[in-house]
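Fit chain B to the given chain A structure using the hints.
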Amino acid sequence: MMSGRLTDKKGRPAVVVTGMGIVTSLGWGKQENWVALKNGRCGIKSISRFPTDGLKTTIAGTIPNRPGHTPENYSACDLSLAIAEFAAAEAIEQAGIGGAGSFPGPLIVATPPSELEWPHLRRLYLANDDKQQTGYRGLRTAARSGEFANLARHVRFAAIADALQSRFGTLGEPLSVCTACASGSSTIQFAVEAIRRGEAEAAVCVGTDATVHREGLIRFSLLSALSTRNDPPQRASRPFSRSRDGFVIAEGAGALVLESYRHAAARGAEPLGVVLGAGEKADCYHRTRSQPDGAAIIGAITKALEDAAVDPEDIDHINAHGTSTPENDRMEYVSLRSVFGGRLSDIPITSNKSQIGHTLIAAGAVEAVIALLSLQNGIVPPTINYRDPDPEIPLDVVANTARKVSMRTVLSNSFGFGGQNVCLVFAAEPN
Amino acid sequence: MAEEPKEVWITGIGLATSLGDGVREHWEAMADVAAGPALEIERFEPYCVHRLIDINFSKQIPKKSDLRQMERWQRIGVYSAGLALNDAGIAGEPSLLALTHLVVAAGSGERDTAVDSQVLDALATRADTAVLAKEILPSALRPTLFLAQLSNLLAGNISIVHNVTASSRTFMGEEMAGISAVENAVRRVAAGQAELVLVGGALNAEREDLLLGYELGCNLWANSYRPVWQRLEAGSGFIPGSAGAFLVVEAREHAEARGAKSYARLKCVVSDRARRSKPGQIRESLDGMFDKVYRGHSPGPIAVLSGASGVAQASAEELAFLDGLDERHFTPVIRAYGSRLGHTVEAHFPLGIALAALALDRGGFYPPYDEGGEVEAPFPQAGALDRVLVTGVGHWRGEGLAVMERTSDGRA
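These protein sequence lines map, in sequence, to chains A and B. For the first sequence, position 3 (counting from the first letter as 1) is numbered 3 according to this note's numbering, and the numbering increases by one without interruption. For the second sequence, position 253 (counting from the first letter as 1) is numbered 253 according to this note's numbering, and the numbering increases by one without interruption.
Bound-form chain B, shown alone:
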């Protein structure tokens, strides 16, 4: 585009995680490290997961008929999307909703694991594969459940429940889905291809089928809880976390014209995909992206909300990249928010952006989450927080960075 890129603001945040429901609860819970993470330890033993806080979904999804059509990951997503629309002052405004574009990061819907188990047991005794088709599946599979399994149906349900209809896109690909979604939203707003975008994702970590999928690649942490950075040399792995994280991303002019306040400015999002066939490629990719986006920025302390998962290769190379910022005269102050909220996969990058926006708005950073470790140092108290780097490195593929800054007209 020949024209000057438009300034991109975050004007709404919707969060539902293991530690809170809504923006205010998150600001408090993320500061209160004395209260440990909210873990489910027994149900999926030996794996622990960060379990969703109790949520009354009907506050955002009033119709029972809608709720019945959704599995839990969709409820979490539709709920947090509603919170974001509400927060941005768009909910219930038909003229704005019709102009709101939707970009969702999604995985797959949930399988009925009880049915799967029943089928597998039956196959073990009968060895007749037709048993599937003839006897069990037709009665056990429900049409509504199948719809809940379609990846784009989180977006579909958000359109139906909240009337967001300008356009609807779903990106897939684990952590890359979240990075792609936010990047697509920001680039379209910056280029004037959209003015108002609802973007985010959701994960229900309390799912048997999902845990099996992650564990095929031996990606789960299978011991008792440890913060992210302390898992790298102790077995590697991520602890999934249930979460919904949605943002309203808006062109500054559009926000100002309707009197909407910003949390923060989303300066840019960049992404790439290192091949990971040789050690060092992830770090090289992150180095390259950082140099591109921070060229001309003043050196000094830089707050980093790291989306590190705890999967050894990815997180160790990210840490090497962050440690190396010293050579560029930046002093990173790192917080791996996954230590607190779990790794939320598709939702993880939007979640990091939301937490960064919240911190920039409040003017302060989060405390260290690396208890007993050495990676996360206290934030040097020198004026209000004015910039945050958000990182996202996929547990098996993809990496991205977001550059965020404080705006003058904050909400707090």
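Bound conformation, chain A alone:
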């Protein structure tokens, strides 16, 4: 049992994590994921879900099959929901909180883009007999028939949160959040804020994204953001390496049950870790690039440390955003260096994206779960494929094999296209 006070250094309710769940390309659940992460395995593979001819990138971190779940039969929306449900159920079960279908707090969901996919558009297209009605006019006529009402969930942004709320019986209006690749971290930040305001004693935070489809790949390819090193797929994502050439798109879901320490202690729940603080800073420089001096990323890290009431010296490990794009990894280094100075080279850092790819909207939640598992186990999963360190970004990367690290406090970074940056500070115990 954790010792420590029920309030933090600033007199606010301390916020603890009492349940976690995760689904990635490495597997379903904490057990499968942790074993694979620890052993340096990679979940990235050649895409088999749809034909990839003509695509520059033909690899992704897709969710493996599991009894009862065959991802290739799902739409992006349905798979995002299926893995979110699995992760949330795992987290709530571990927390042992509430009753069946009744969770005593709000739900906050980082929700992926909702849109009709080509097979849906094609069904609508074929359903309209009046070929005088061209383009979207014809599609609308098909929609008007009411026969396609079950497709509406694909274009409703509240649909995933709504389905999760129905399943888990959370309180109030669920939040659906998008801060691009920082979204998962935002859900944790919003829950911490709500608990500190005294509005909630507990919350479920979920990040989910299963949008590996052809058009998604083409779009990111056009931004020159994806690795094209298709063979072998396991070697493509190589954060902090000189030869890194882009990120690998991936699917995943992470879920955390957050509680006020007071609430957890009162019901005898064992905290898995503490969320000491969160920091957020928006960039105003460019839609896909950070300010060259890293001001916004530095701002997010600094605000997170301030909010957590810890000094840079207190950080024992960094779970990096580390996308494996030339731009991100360099900017992340420059910003970390500015905050941590020379000590940066002594802080073990890793990027889970080398093993699981970039789970986009879900990344902050997925990697928060991994950061907390690292804290709990005293082991940092490796940054695999780290064979040609980029001399421009000298870091203590946990290279290729997992490392035992004595940790009390961990920083987790998430940065999004569109300039939204969120950093979180986790600890083993309240400070």
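Just so you know, the hints here were simulated from the structure itself, not pulled from any lab data. Hints should not be assumed to be uniformly reliable.
Claimed, not checked - In silico SDA-like pairs for lysine to any residue, Cα to Cα no more than 20 angstroms straight-line:
no.: 1; chain 1: B; residue 1: 64; chain 2: A; residue 2: 286
no.: 2; chain 1: A; residue 1: 10; chain 2: B; residue 2: 5
no.: 3; chain 1: B; residue 1: 292; chain 2: A; residue 2: 303
no.: 4; chain 1: A; residue 1: 56; chain 2: A; residue 2: 172
no.: 5; chain 1: B; residue 1: 63; chain 2: A; residue 2: 71
no.: 6; chain 1: A; residue 1: 131; chain 2: B; residue 2: 120
no.: 7; chain 1: A; residue 1: 10; chain 2: A; residue 2: 428
no.: 8; chain 1: A; residue 1: 9; chain 2: B; residue 2: 118
no.: 9; chain 1: B; residue 1: 278; chain 2: A; residue 2: 149
no.: 10; chain 1: B; residue 1: 292; chain 2: B; residue 2: 323
no.: 11; chain 1: A; residue 1: 303; chain 2: B; residue 2: 281
no.: 12; chain 1: B; residue 1: 278; chain 2: A; residue 2: 172
no.: 13; chain 1: B; residue 1: 278; chain 2: B; residue 2: 289
no.: 14; chain 1: B; residue 1: 267; chain 2: B; residue 2: 123
no.: 15; chain 1: B; residue 1: 292; chain 2: B; residue 2: 94
no.: 16; chain 1: B; residue 1: 292; chain 2: B; residue 2: 320
no.: 17; chain 1: B; residue 1: 267; chain 2: B; residue 2: 410
no.: 18; chain 1: A; residue 1: 9; chain 2: B; residue 2: 191
no.: 19; chain 1: A; residue 1: 131; chain 2: B; residue 2: 123
no.: 20; chain 1: A; residue 1: 303; chain 2: B; residue 2: 387
no.: 21; chain 1: A; residue 1: 131; chain 2: B; residue 2: 209
no.: 22; chain 1: A; residue 1: 131; chain 2: B; residue 2: 208
no.: 23; chain 1: A; residue 1: 131; chain 2: B; residue 2: 118
no.: 24; chain 1: B; residue 1: 278; chain 2: A; residue 2: 169
no.: 25; chain 1: A; residue 1: 10; chain 2: B; residue 2: 123
no.: 26; chain 1: A; residue 1: 10; chain 2: B; residue 2: 192
no.: 27; chain 1: A; residue 1: 131; chain 2: B; residue 2: 122
no.: 28; chain 1: A; residue 1: 9; chain 2: B; residue 2: 192
no.: 29; chain 1: B; residue 1: 6; chain 2: A; residue 2: 11
no.: 30; chain 1: B; residue 1: 267; chain 2: B; residue 2: 253
no.: 31; chain 1: A; residue 1: 131; chain 2: B; residue 2: 117
no.: 32; chain 1: B; residue 1: 267; chain 2: A; residue 2: 197
no.: 33; chain 1: A; residue 1: 303; chain 2: B; residue 2: 192
no.: 34; chain 1: A; residue 1: 10; chain 2: A; residue 2: 310
The model shown is predicted, which means the values in this text are computed figures rather than measured ones.
Frame of chain A, contents of chain B only:
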């Protein structure tokens, strides 16, 4: 929080809709019911939409390179956000902008519907799905267009164009997005977690892809124009409206310290989500929220700016809730502002708050918009307007209420 909640003021409003550009134009246009709504009737036939007034976006988005990066919904949003910052006296003040938090309610960006149609036609003759990847999409999709499709890029563009950088959040989920956004802003200011927040949303209703999405659930009104309340038993459905609605929400102390005037006080925002599996659940949720927020308030007339959409179940249960306020000794005087401006989905709740703040500041209420109907009665002339209830009931999910009051130091 143990501390007393901070008083939350609205110190800036930015509006761009089918009826006006800026606060003053809206006050006049919302009063002038003789001039009907501004509808686009032919382009999306059989559906009508409220089309955006002609706007020179470069007044708020001066750089051509910025404008080129944005689709119309983002332009509308960035433009109205700029109006709000200007109105609050924050625009061009770097020290204030760096402290201004941004909360945006957004849907998705726009698809290139011409490309979609081209692909669908090609697939009909070739039945070769790889045609997508190989031939059409790589040349037809533009990287900038993809960025415009990301929901959080409205917020991203506001940060870039107006330098709002303290933090940036985007909420999603149709009408719930707008309710969540305003609620998040108000709660953070009340709890001292933020002092200055720019919050709002935008909708471009003149979009083929958006209309298709709404119509999948058969949610659109597919006949000639009628006010909101007159659609419930005549087929049901909403008429989308193009709009940008942004508010500057500020802690009273902060506003007073910098000499900023208020439009109104935002007393509280509450929200919930009825399951809607049985009739009556929406009304029950609204009843429960009303009792919570109006406990201890003096009974009597209460001005209501209703965000009703015209989608039958949601709007009928809202009307039942409003009619039932009599039993609690409140006399609601209802205005469905969507009759005038269309249903603006993500932007609709912020829009209602903006119109309520404007009315509280001017001390008068809007005329009935329910021409030929029985729901909207004239406002009893008894002193200045001092309180407004804003309602938001999502066309398929979510409901919220905002309690707003007149402040003593109004701007007008």
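Each hint tested on the structure:
no.: 1; hint: B:64 - A:286; verdict: 14 angstroms, holds
no.: 2; hint: A:10 - B:5; verdict: 18 angstroms, holds
no.: 3; hint: B:292 - A:303; verdict: 35 angstroms, violated
no.: 4; hint: A:56 - A:172; verdict: 44 angstroms, violated
no.: 5; hint: B:63 - A:71; verdict: 45 angstroms, violated
no.: 6; hint: A:131 - B:120; verdict: 13 angstroms, holds
no.: 7; hint: A:10 - A:428; verdict: 18 angstroms, holds
no.: 8; hint: A:9 - B:118; verdict: 60 angstroms, violated
no.: 9; hint: B:278 - A:149; verdict: 19 angstroms, holds
no.: 10; hint: B:292 - B:323; verdict: 18 angstroms, holds
no.: 11; hint: A:303 - B:281; verdict: 42 angstroms, violated
no.: 12; hint: B:278 - A:172; verdict: 18 angstroms, holds
no.: 13; hint: B:278 - B:289; verdict: 19 angstroms, holds
no.: 14; hint: B:267 - B:123; verdict: 55 angstroms, violated
no.: 15; hint: B:292 - B:94; verdict: 40 angstroms, violated
no.: 16; hint: B:292 - B:320; verdict: 18 angstroms, holds
no.: 17; hint: B:267 - B:410; verdict: 16 angstroms, holds
no.: 18; hint: A:9 - B:191; verdict: 18 angstroms, holds
no.: 19; hint: A:131 - B:123; verdict: 15 angstroms, holds
no.: 20; hint: A:303 - B:387; verdict: 38 angstroms, violated
no.: 21; hint: A:131 - B:209; verdict: 19 angstroms, holds
no.: 22; hint: A:131 - B:208; verdict: 17 angstroms, holds
no.: 23; hint: A:131 - B:118; verdict: 14 angstroms, holds
no.: 24; hint: B:278 - A:169; verdict: 16 angstroms, holds
no.: 25; hint: A:10 - B:123; verdict: 61 angstroms, violated
no.: 26; hint: A:10 - B:192; verdict: 13 angstroms, holds
no.: 27; hint: A:131 - B:122; verdict: 14 angstroms, holds
no.: 28; hint: A:9 - B:192; verdict: 17 angstroms, holds
no.: 29; hint: B:6 - A:11; verdict: 18 angstroms, holds
no.: 30; hint: B:267 - B:253; verdict: 15 angstroms, holds
no.: 31; hint: A:131 - B:117; verdict: 13 angstroms, holds
no.: 32; hint: B:267 - A:197; verdict: 16 angstroms, holds
no.: 33; hint: A:303 - B:192; verdict: 16 angstroms, holds
no.: 34; hint: A:10 - A:310; verdict: 11 angstroms, holds
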